[in-house]
Amino acid sequence: MSSKENEIVIQHQKDLLGVFGSVLDERIGMKHSRYVIDDYFSADESIKPCCGAVPVSAEGIYALWITAEGADPNKRLLYLHGGGYILGSVRGYQGLASYLSRATGASVLLIDYSLAPENKFPAGIEDVKTAFNWMLENGPDGVSSANKTYIAGDSAGGGLSLASTLAIRDEGLTLPDGVIALSPWTELEPTSTSFEENSETDPFLSREGITGMADAYVNSPEDKTNPLASPLFGSFKGFPDLLIQVGSREMLLDDAKRVAQKAEEEGCKVDLQVWDDMVHVWQGYAPFLPEAVEALEAIGNFVNGDK
Numbered sequence: 001m002s003s004k005e006n007e008i009v010i011q012h013q014k015d016l017l018g019v020f021g022s023v024l025d026e027r028i029g030m031k032h033s034r035y036v037i038d039d040y041f042s043a044d045e046s047i048k049p050c051c052g053a054v055p056v057s058a059e060g061i062y063a064l065w066i067t068a069e070g071a072d073p074n075k076r077l078l079y080l081h082g083g084g085y086i087l088g089s090v091r092g093y094q095g096l097a098s099y100l101s102r103a104t105g106a107s108v109l110l111i112d113y114s115l116a117p118e119n120k121f122p123a124g125i126e127d128v129k130t131a132f133n134w135m136l137e138n139g140p141d142g143v144s145s146a147n148k149t150y151i152a153g154d155s156a157g158g159g160l161s162l163a164s165t166l167a168i169r170d171e172g173l174t175l176p177d178g179v180i181a182l183s184p185w186t187e188l189e190p191t192s193t194s195f196e197e198n199s200e201t202d203p204f205l206s207r208e209g210i211t212g213m214a215d216a217y218v219n220s221p222e223d224k225t226n227p228l229a230s231p232l233f234g235s236f237k238g239f240p241d242l243l244i245q246v247g248s249r250e251m252l253l254d255d256a257k258r259v260a261q262k263a264e265e266e267g268c269k270v271d272l273q274v275w276d277d278m279v280h281v282w283q284g285y286a287p288f289l290p291e292a293v294e295a296l297e298a299i300g301n302f303v304n305g306d307k
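Residue 35 in the working numbering is what sits at position 35 of the sequence shown, and the numbering runs on without skipping anything.
None of these hints come from the bench; they were simulated from the model.
Each residue gets a CB set at the ideal place from its N, CA and C atoms; glycine is no exception.
Among the hints, erroneous ones may be present.
What the hints assert, rightly or not - Label-pair distances were calculated between CB atoms; the ranges are:
(1) P49 with E297: 14 to 20 Å
(2) R27 with C50: 35 to 41 Å
(3) S22 with T201: 22 to 28 Å
(4) N147 with D25: 49 to 55 Å
(5) S199 with N304: 35 to 41 Å
(6) S22 with E265: 40 to 46 Å
(7) T201 with E297: 41 to 47 Å
Sequences and hints are given; from them, build the entire structure.
Structure below.
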């Protein structure tokens, strides 16, 4: 049985969904949605960053270094926010990134990667490669080589973390030591059975919403099966250690299970964690939601060798 705080989070997501639909004018719809999504984690006033953020240019990409007290400047984690490739910002993710830094002891680089429809696939992939390569040689204290590196993200950012790592591997570049995908969107077409089975339990996502975001992201229907857009179709041979967390309420539940199974079959070391009764990207509701704190601790165990 989940915590009483989880009921508040579920209601918050339902309420936020209503706010999305409160503006019908298509001329300002995208701007409205981008403002609203920054409140995704604001279910309680206790949900706020536990440390500061320092803006930086990661080779021309706007980013924030978020480093909790005691975090290692040479252990670095590149974080990719969610938002269906069309929404999301570093502003809305400072809290999650700060608690992720605290839990892992890593310095987190939170980047403002290119969004569709202004910048379609594969613009985001290129931004991630650029930022990751910059992070290898630049930390929160300035120029220095990283000792350990990770790529992490949630939802579309979770899919992007997988896809970008595939691209990095395919180009023979330096790979991260591990990848962390939270509630990842791994296939742009909503074909997973959990889109039907969890249609009543997921308070936020919908098949229609997923389809619309996918259409805005790609240039053509053929792009939807490109492994760098839908990493489920990629090969995971030679892929780094992978942690996947997903909630049992989510429409994206089977997206996570399917990519975990494929990666494991192809030799990747995978830790798939299905959290009972949790909603989409519940980790961002720390410290208010007890299950969010526990999930972040599990991420810390993965990063620090307790895999």
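Return holds or violated for the Cβ distance of N147 and D25 against the range 49 to 55 Å. The hinted range 49 to 55 Å holds for N147 and D25, with Cβ atoms some 50 Å apart.
Status of the given 14 to 20 Å range, CB of E297 versus CB of P49: 18 Å, holds
Okay, S22 versus E265 on CB: inside 40 to 46 Å? 45 Å, holds
Note whether the CB distance of R27 and C50 lies within 35 to 41 Å or breaks it. 38 Å, holds
Outcome of range test on Cβ distance (S22, T201; 22 to 28 Å): 24 Å Cβ-Cβ, so the 22 to 28 Å window holds.
Hint check for E297 and T201 - Cβ pair distance inside 41 to 47 Å: Cβ of T201 to Cβ of E297: about 25 Å, so the range 41 to 47 Å is violated.
Please test the hint of 35 to 41 Å on the beta carbon pair from S199 and N304. 37 Å, holds
The structure is inconsistent with hint 7 alone, although it conforms to all the rest.
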